[in-house]
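So the sequence shown is residues 1 to 307, counted in the numbering used here.
Since the hints were made in silico from the structure, they are not lab data.
One should not assume that every hint holds.
Stated by the list, open to error - Ranges of calculated distance between the beta carbons of each label pair, as one might list FRET restraints: (1) THR78 to GLU266: 25 to 31 Å; (2) GLN207 to GLN97: 29 to 35 Å; (3) GLN172 to LEU30: 40 to 46 Å; (4) LEU107 to ARG280: 27 to 33 Å; (5) ARG4 to ASP248: 28 to 34 Å; (6) VAL19 to ARG75: 38 to 44 Å; (7) PRO177 to ASP251: 17 to 23 Å; (8) ARG4 to ASP205: 27 to 33 Å; (9) ASP32 to LYS176: 42 to 48 Å; (10) VAL94 to GLN207: 30 to 36 Å; (11) ARG208 to GLN97: 21 to 27 Å.
Glycine included, each C-beta is placed from N, C-alpha and C at the ideal position.
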Amino acid sequence: MRWRKLGLIPSPRVGDWAVSHAMIPTPVLLADRIRLYVSCLDGQGIGRPGYVEVALDDPTQVLHVCAEPLLDAGRPGTFDENGAVVCSVVPGPVPGQWLMYYVGFELGTRIRYRLLTGIALSDDDGQTWRRWRETPALERSPKELFFRCGPFVQREAGGYRMWYIAGSQWTQVQGKPMPVYELRYLESPDGLVWGDTGQLCMALDPQRDEHGFGRPWVMREEGRYHLYYSIRRASLGAYRLGFATSVDGLDWRRDDAAMGLDVSAEGWDSQAIMYAAALRVGQRTYCFYNGNDFGRDGIGVAVRDDA
1 MRWRKLGLIP
11 SPRVGDWAVS
21 HAMIPTPVLL
31 ADRIRLYVSC
41 LDGQGIGRPG
51 YVEVALDDPT
61 QVLHVCAEPL
71 LDAGRPGTFD
81 ENGAVVCSVV
91 PGPVPGQWLM
101 YYVGFELGTR
111 IRYRLLTGIA
121 LSDDDGQTWR
131 RWRETPALER
141 SPKELFFRCG
151 PFVQREAGGY
161 RMWYIAGSQW
171 TQVQGKPMPV
181 YELRYLESPD
191 GLVWGDTGQL
201 CMALDPQRDE
211 HGFGRPWVMR
221 EEGRYHLYYS
231 IRRASLGAYR
241 LGFATSVDGL
251 DWRRDDAAMG
261 LDVSAEGWDS
271 QAIMYAAALR
281 VGQRTYCFYN
291 GNDFGRDGIG
301 VAVRDDA
């Protein structure tokens, strides 16, 4: 693939809840615009989801920014009391309903944090949202103890498919404890109830110095599934992008070099590049992504020039 970087959509600055970052861009194609669900941080580093709407023909042109967060942080003691980060938005099982899958942050004492997945519902085309429940939809389980997060969900005939990140270990990277997680897979008939252990569909490669993957993004093109994902390597200390293909969405053939989108020589995406989300708009394919410090400055946009 060959991508041409178009520029940066700046992080929203719309109140105390959004003083920095536009993390994990999650695009949804509307009739006349693209809505990018993101999560912004307040002054204490607590994330809340919002959205930015951009033009179809020029995604660097901002049309609208939501003024208030779509969800607040959870009540004290809940799994998302320290923030909620949106990762996937899909049509729900009921006409007119949408489902938002988000990651809740729960700080630990003997470990740094736990990351578990919650669900929010919208009945007005994604304008307002409410929690499905205050406990995780992907609760921790014996084989996925600390991390059940980074979900990407796709609605297909007969139900819902989820690719997500899971793990039960920590490792030391440059003297700092860092999570270890790999790519797993689940199915659900209604998008709400999921199993407690997913099927492994991409393991970490120790030969590549990997200790974690970031939020996956799956597209179906030319009769195959295309997977865009982030790779965290201990030697780099930051994410890079990867790419893989599959016939069934379960057995993936990695071809990271084919991704063709990497860090810049300088600027806001010179140290890291992550959380790619590809979107087909007419004859063009855009890729939205984050750069340094998990999207501190905003959302990057690239367009594919070889398709």
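Using the Cβ atoms, figure out if VAL19 sits within 38 to 44 Å of ARG75.
-> At 22 Å between Cβs, range violated.
For the range 29 to 35 Å, tell me whether the beta carbons of GLN207 and GLN97 fit it or not.
-> violated (44 Å)
Indicate whether the distance between the beta carbons of VAL94 and GLN207 respects the range 30 to 36 Å.
-> Taking Cβ atoms as reference, VAL94 and GLN207 lie about 46 Å apart, which means the hint is violated.
Whether the CB-CB distance between THR78 and GLU266 falls inside 25 to 31 Å | Given a distance of about 41 Å, which is not inside 25 to 31 Å, the answer is violated.
Could you say whether the range 17 to 23 Å given as a hint is met by the Cβ separation of PRO177 and ASP251?
-> Because 32 Å falls outside the window, the suggested range is violated.
Outcome of range test on Cβ distance (GLN172, LEU30; 40 to 46 Å) | holds (44 Å)
Return holds or violated for the Cβ distance of ASP32 and LYS176 against the range 42 to 48 Å.
-> holds (45 Å)
Range hint 28 to 34 Å: satisfied by the CB atoms of ARG4 and ASP248?
-> holds (32 Å)
Return holds or violated for the Cβ distance of ARG4 and ASP205 against the range 27 to 33 Å.
-> Between ARG4 and ASP205, where Cβ atoms are some 29 Å apart, the hint holds.
Within 27 to 33 Å or not, the Cβ separation of LEU107 and ARG280?
-> violated (39 Å)
Would you say the C-beta atoms of ARG208 and GLN97 sit inside 21 to 27 Å of each other?
-> Check failed, 41 Å falls outside 21 to 27 Å.
Checked against the numbered hints given earlier, the structure breaks hints 1, 2, 4, 6, 7, 10 and 11 and satisfies all the rest.
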